[in-house]
Amino acid sequence: DQQVKQNSPSLSVQEGRISILNCDYTNSMFDYFLWYKKYPAEGPTFLISISSIKDKNEDGRFTVFLNKSAKHLSLHIVPSQPGDSAVYFCAASESYAGGTSYGKLTFGQGTILTVHP
Amino acid sequence: GAGVSQSPSNKVTEKGKDVELRCDPISGHTALYWYRQSLGQGLEFLIYFQGNSAPDKSGLPSDRFSAERTGGSVSTLTIQRTQQEDSAVYLCASSLDPQETQYFGPGTRLLVL
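Chains as they are written, first to last, in the numbering used here: chain A, 1 to 117; chain B, 1001 to 1113.
So that you can see chain A by itself, here it is in the shape it has in the complex (with noise of 0.2 Å):
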C-alpha cells in the first residue's frame, strides 16, 4: 500500500526554467510533508518541508505547495540550475501517532531530475 507517491520517475528541464515535481499521498492523518534531495552514493539530504496548516512554504528558489482536500504537493525550482540535477524524494509524517510524539517519515518513490544546461 503506497501511501506517498511520486508518479513522475523523471522530469528533464532546461537550465533557468521552472522545475514542478508532484507528490500525491492517501493518508489523511499525515500533517508534515518534507521534500528531501538525494545525489548518488550520498543520504538524502533535507531541502523545504511545510505543514498541514499551511498551503505554502518558500525558501529561496524553492516554493512548496500543499493542497489537502487534493492530498496533492508540489516543489517548484525557479529558476532550475544544472546543480539541481538529483533524485527529489517527498515524504510525510503524522505529528502524532498512537499518543506518541514522533517524525517516521513515509517517503515516495523519487523522482529524478535533470537540468541541462
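Worth flagging that the hints you see were computed from the coordinates, not collected in a lab.
Which stretches of chain B does chain A cover? Using the computed rule of at least three CB atoms under 8 Å from a CB of chain A, they are:
| no. | segment |
| --- | --- |
| 1 | 1031-1040 |
| 2 | 1104-1110 |
Pair by pair, the computed Cβ-Cβ distance ranges are:
| no. | chain 1 | residue 1 | chain 2 | residue 2 | range |
| --- | --- | --- | --- | --- | --- |
| 3 | B | GLY1072 | A | ILE18 | 38 to 48 Å |
| 4 | B | GLU1068 | A | GLN81 | 35 to 45 Å |
| 5 | B | GLY1072 | A | GLU58 | 30 to 40 Å |
| 6 | B | ASN1052 | A | GLY16 | 45 to 55 Å |
| 7 | A | PHE46 | B | GLY1072 | 21 to 31 Å |
| 8 | A | GLY16 | B | ARG1064 | 48 to 58 Å |
| 9 | B | GLU1014 | A | SER74 | 39 to 49 Å |
| 10 | B | GLU1014 | A | HIS72 | 40 to 50 Å |
| 11 | A | THR26 | B | VAL1012 | 33 to 43 Å |
| 12 | A | PRO79 | B | SER1038 | 28 to 38 Å |
| 13 | A | ARG17 | B | ASN1052 | 44 to 54 Å |
Predicted model, so just to flag it, every value in this text is computed and none were measured. By construction, the Cβ of each residue, glycine as well, lies at the ideal position given by its N, Cα and C atoms.
Got chain A sorted already, so can you dock chain B onto it with the hints?
Showing chain B alone in chain A's frame:
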C-alpha cells in the same frame, strides 16, 4: 560539525551469513531511524529509537532483522541469515527530537550473493 556516519559503506556477503550495520548519529540527537532503499524504490521505514528504546519496530521485515541502540548514541542493525532480497541501501537518520528535521547518513550498500 560531524554528520551522521555509517559503516561499512559497502558490504558484500553470501546468502545465509549474518551482517551488522553501524550508525553513529549526530551528537545529542535523541531520535534515530533506520530506513532501507531497495532498487528502484523509495525509502522504507524499518525502526525508530528514542534514546535506547524502540517504540516502533513495525517496519522490520522479518524476525531475521534486529536493532539496538546503546548509550543513546550508536545503533547497530543486524540481519541474520541474509537473503538476496535483503540487498539494498540501508540508511540511518537522526534528529534532535522526533519533531525535528531528520539528517541522513550516506548509507550502507548491502549486496547478498
